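4 protein chains.
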Amino acid sequence: MFKNTLKCLVKIDKNVHSRPNSNVAFIGLGQMGTRMVNNLIKHGKQPRVYDVVPSAVSSIKGAIPCSSAEEAVDGANIIITMLPNGQIVKDTVIGQKGILKKIGKNSLLLDSSTTGPQVARELYQAAKESSVRFLDAPVSGGVVGAQAGTLCFMVGGDEGDCKEVEPVLLHMGAKVLFCGDSGAGQITKLCNNLILGVTMIGTAEAMNLGVKLGLDPKLLSDVVNISTGRSWSSDTYNPVPGVMENVPSAKNYDGGFSVELIAKDLGLAGDAALSISAPVPLAAMSHQLFRTMITYGLGKKDFSVIYKFLEGKAVDN
Amino acid sequence: MFKNTLKCLVKIDKNVHSRPNSNVAFIGLGQMGTRMVNNLIKHGKQPRVYDVVPSAVSSIKGAIPCSSAEEAVDGANIIITMLPNGQIVKDTVIGQKGILKKIGKNSLLLDSSTTGPQVARELYQAAKESSVRFLDAPVSGGVVGAQAGTLCFMVGGDEGDCKEVEPVLLHMGAKVLFCGDSGAGQITKLCNNLILGVTMIGTAEAMNLGVKLGLDPKLLSDVVNISTGRSWSSDTYNPVPGVMENVPSAKNYDGGFSVELIAKDLGLAGDAALSISAPVPLAAMSHQLFRTMITYGLGKKDFSVIYKFLEGKAVDN
Amino acid sequence: MFKNTLKCLVKIDKNVHSRPNSNVAFIGLGQMGTRMVNNLIKHGKQPRVYDVVPSAVSSIKGAIPCSSAEEAVDGANIIITMLPNGQIVKDTVIGQKGILKKIGKNSLLLDSSTTGPQVARELYQAAKESSVRFLDAPVSGGVVGAQAGTLCFMVGGDEGDCKEVEPVLLHMGAKVLFCGDSGAGQITKLCNNLILGVTMIGTAEAMNLGVKLGLDPKLLSDVVNISTGRSWSSDTYNPVPGVMENVPSAKNYDGGFSVELIAKDLGLAGDAALSISAPVPLAAMSHQLFRTMITYGLGKKDFSVIYKFLEGKAVDN
Amino acid sequence: MFKNTLKCLVKIDKNVHSRPNSNVAFIGLGQMGTRMVNNLIKHGKQPRVYDVVPSAVSSIKGAIPCSSAEEAVDGANIIITMLPNGQIVKDTVIGQKGILKKIGKNSLLLDSSTTGPQVARELYQAAKESSVRFLDAPVSGGVVGAQAGTLCFMVGGDEGDCKEVEPVLLHMGAKVLFCGDSGAGQITKLCNNLILGVTMIGTAEAMNLGVKLGLDPKLLSDVVNISTGRSWSSDTYNPVPGVMENVPSAKNYDGGFSVELIAKDLGLAGDAALSISAPVPLAAMSHQLFRTMITYGLGKKDFSVIYKFLEGKAVDN
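Protein sequence lines, in the order shown, are assigned to chains A, B, C and D. Numbered by our numbering, the letters in the first sequence go through residues 72 to 388 in order. Numbered by our numbering, the letters in the second sequence go through residues 72 to 388 in order. Numbered by our numbering, the letters in the third sequence go through residues 72 to 388 in order. Numbered by our numbering, the letters in the fourth sequence go through residues 72 to 388 in order.
In short, the hints are calculated from the structure, not lab data. Computed from a predicted structure; not experimentally measured. Any given hint could be a false lead.
Intra- or inter-copy, both count: the list cannot distinguish identical chains.
Within a straight-line C-alpha distance of at most 25 angstroms, the following computed DSS-like cross-link-like pairs (lysine-lysine) qualify [to be verified]:
no. : residue 1 : residue 2
1   : K234      : K199
2   : K371      : K384
3   : K132      : K335
4   : K234      : K322
5   : K113      : K176
6   : K335      : K384
7   : K234      : K289
8   : K113      : K335
9   : K283      : K335
Could you build the full structure based on these sequences and the hints that come with them?
What follows is the structure in structure tokens.
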């Protein structure tokens, strides 16, 4: 049903300007949201911001601090949410004190949280009934990408709305990919991260095997990277300490994309698969492995720590 | 223990000439061997060839047909074997009628079969005791690479021997990668193919999930290919019919790298992992999935047929 | 938190009488519900019955047919629901036309559907706010147990309520097990069925392995049944045709406990595990295997058909 | 091919006497062998014993100590081996200093080691060529059963030979099960232990899930044990501390059947499955889980420690 081609792929022209008169509200100032807002400010925006944690609101310079979500959306015609999970997004938008009824007609509500397609479609429908336009626009790139303004937005909803909001998104990211109807952004992100989780574990298994059998990990990576085993997990984010610089495996697996987050995404992918009876055996097993690692206190580490877990050295202290 | 750097990486200068006085014997004229021999002949060699199937021997033009392995190695100083599995290699080299005792002192025996490291090291040792030099040199690239002369040789043994035989190998392939001590070629190949098997299944799971949820497979592939889910399995060998041309998924999964062969390699990788207690959970599960597919009559299809298997449409007729 | 002992274990005195003045309503007349209602009638009850399918209602002799759920609960002080899944139970009880507001104060609402603990606790809470008592009481025993009146009820909620409704339940089943606070009946059922699904597949793997290696399946089962591999799956419900009589494997895997239902229960167990970060690797893999079997058209067969699936003969026509 | 019925099932008449003139040799005096030999002595035998560890030989009272395997078999007409693995058995029997050529014609060689069917059949064949009769007779019951004389022997080979040696075996065990042709004892043991490994993990997953969700483990076990989840792993060897007495889970998982041994058996089962293309997905995953536990230093603990591993508390110190 999403027979679109990848139309607005890879925009990096940072000189694109958004409508000068767009008023942006931003709700959710965690690790990601704070950085995204700061990039909006850098590009001349003065967003209305809100978070349940007051200090998160007050610490941002150049924004208009608000003391409630309702206050934040007041007068805004673009509202962006960046929240921990689908339930919180639903509570925030369509809950008892939900912002939807406060949002002006024809405004654009864009959710960058990772929620799965079900929540996205539910919100799209609710928004439509309130004459509000809704886009699901989860991101990849993590905290590093949010900081650098190089996030990739995967967008589902109406293509015209995507085009319209694109200049604003490009203040925070490097790519805006229109993926199809409502929910398509969420599905695309889950599919990508399903592959990511599985491929990283496979790569870690092979690296651990090769190294234990005496191979030099750098040499093995070099060969894999010009062969059929090549992937982002081996050539850009290698899980073995010493093979690459500036990746989590070079920094005690701190920073990066946490085990908890990949586990969350694999869980959402599993739910989505369940809803349509699609078998995902390796994703299910990967989900279990990452969850076992959480049980062992590795939830906050970068997910490439699976290499250490397989090595038997991740859980000593 | 194999702390070498990847020295002889990516040689594509096809003008390199091997020693004019090298006499090559080639044993094993299956799908791979026949094509490799033909490329040797194209480059001016006249190899002595043998196979247990007489018609395989007689059908090659430009080679010296031999009626036994012993006859083939007579007078050869480079002997190449390309056989179905490790047991057959062992029988051929050190069995009761094994060729090792017929090979001249200081000759070079190179095995391009996929056998696992154990067999490679055993043969290296036996060869050494007979003053014969031995290299394990399994290949990637499959029948297509063998035909085109673009195979990649992963070599274990003594580096000087690798350098010496490299010109001959480059008649049959595009790359010669020295990986380390005896067995290192085998280990490298198994590690690469472990990743390959796991990544292909993960990619197929995500593609099936996305398509069943309404995404266009081409668009999903395009996004994945510029994202963290990118891999050879998605950007070069996509398993979904219609996404790419000239790959097995475009041709009813005929040709390519068979389910039987990836299952064999994952089995060897599992054995190697067992020998050193390295956990390989996803590889083990992938192995089981491919073996289940063999049980359902898909053993000869290209391994990307896992997409069809997950879709529930591979096993109807 | 459920530190109770198994107090009302195994009641089989069928002469126990329920309060003569109890008025029972029964909502949900599928395969299970119809048979349960018939057993109530046999024991002298005249339940008020409702189902969304009118013919299901009219075909029951001896009950009071109702044309809506609201009508069914009118005047009843014990209300039993037996519905396909948690969403339908929630819609029926607390949805827009939900029965909860029509149920008399202090009445007892008992849900025998398998819904998972979350739904049970939500309904318990909602019921409490309406001064209605709520028990979760999923059953094991299947269609056969429902027909014979030998179901096992696993009950969560307040123990006094369990005791009170026990005589009514024993008209439909042979055992009433009080498991603890609200949700405990659901959890107990999911835990039991998790083991069941995993053990059945493990048993089928071993039987298929042994038989393919030449063992007689009856002899192998006999040995397993007096050894450490013994389980209900091998000694009472053996998956290999010819080993036992009167089990689904003796009848082309028709009847019994369907692949769809065990897959549903493993899915609910997985959700519950997710909610508390408990790793369930084999359950997850079993879930995937059963779901793959559904993809291949085996969803309605008894779940012991996994034996045939592993054998490679389940999916031919 | 092994269409025998379970003829000699469950012999416990300990007054059965073996041929008074049988001379027994016993090779392999580890944890199992020493205890088995002591039971032979208790029943009036004076076996000729040997082990590669001299102190193991000298510490047995009432046996005839020998300084080599060859010396041990000298004059014996029943030779029993109990060794760590198939390779050692092969070395001992048909290796360069193998005992086979020293064993008298028509004597009976019985191997109680767990080796897999391949080794058993190889030895049967070799023995036959030397006019020696061979039985594979692996045991279940572990160190506890060896101590108490309650082992169960699973025997493959010629049924007459099984009958003949039965009285001697019943000095060391409580059951002698004739399973079929050569190798059938090994296959039977592997099949049983495959189920055992899978079922124990499934049981541990469910128990951990239930307990984390608030159920009392004793109550949950009681329900499972009268339901479809019942198995030896739950009703006889429960993995949760506090549920049963006198099982490893009650004693810090010391003693019992080690993780290393179940991993070994699952590995052999996997090899056997590979040889005939039988899919064993849960066994493969179980194998990986037990091997991961070895990596974390739990190899010597009883295999029911999987409960602690899933709980996330097995690997702290």
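Evaluated hints:
Taking identical chains as interchangeable, the C-alpha atoms of K234 and K199 lie at most 25 angstroms apart only when both belong to the same chain, with a minimum of 18 angstroms there against 50 angstroms between chains. When the C-alpha separation of K371 and K384 is checked against a cutoff of 25 angstroms, the pair qualifies both within a copy, at 16 angstroms, and between copies, at 18 angstroms. Taking the shortest alpha-carbon separations for K132 and K335, neither the intra-copy value of 32 angstroms nor the inter-copy value of 51 angstroms comes in at or below 25 angstroms. Neither within a single protomer nor between protomers do K234 and K322 lie at most 25 angstroms apart by alpha-carbon distance, with minima of 39 angstroms and 37 angstroms respectively.
Proximity of K113 and K176 under a CA criterion of 25 angstroms is satisfied in neither setting, with 28 angstroms inside one chain copy and 61 angstroms between copies. Within a single copy, K335 and K384 get their C-alpha atoms as close as 24 angstroms, and across copies as close as 22 angstroms, so both meet the 25 angstroms cut-off. Proximity of K234 to K289 under the C-alpha cut-off of 25 angstroms is restricted to the inter-copy arrangement: shortest distance 21 angstroms between copies versus 43 angstroms within a copy. In this assembly of identical chains, K113 and K335 lie within 25 angstroms of each other by CA distance neither inside one copy nor across copies; the values are 31 angstroms within and 50 angstroms between.
In this assembly of identical chains, K283 and K335 lie within 25 angstroms of each other by CA distance solely across copies; the values are 20 angstroms between and 31 angstroms within a copy.
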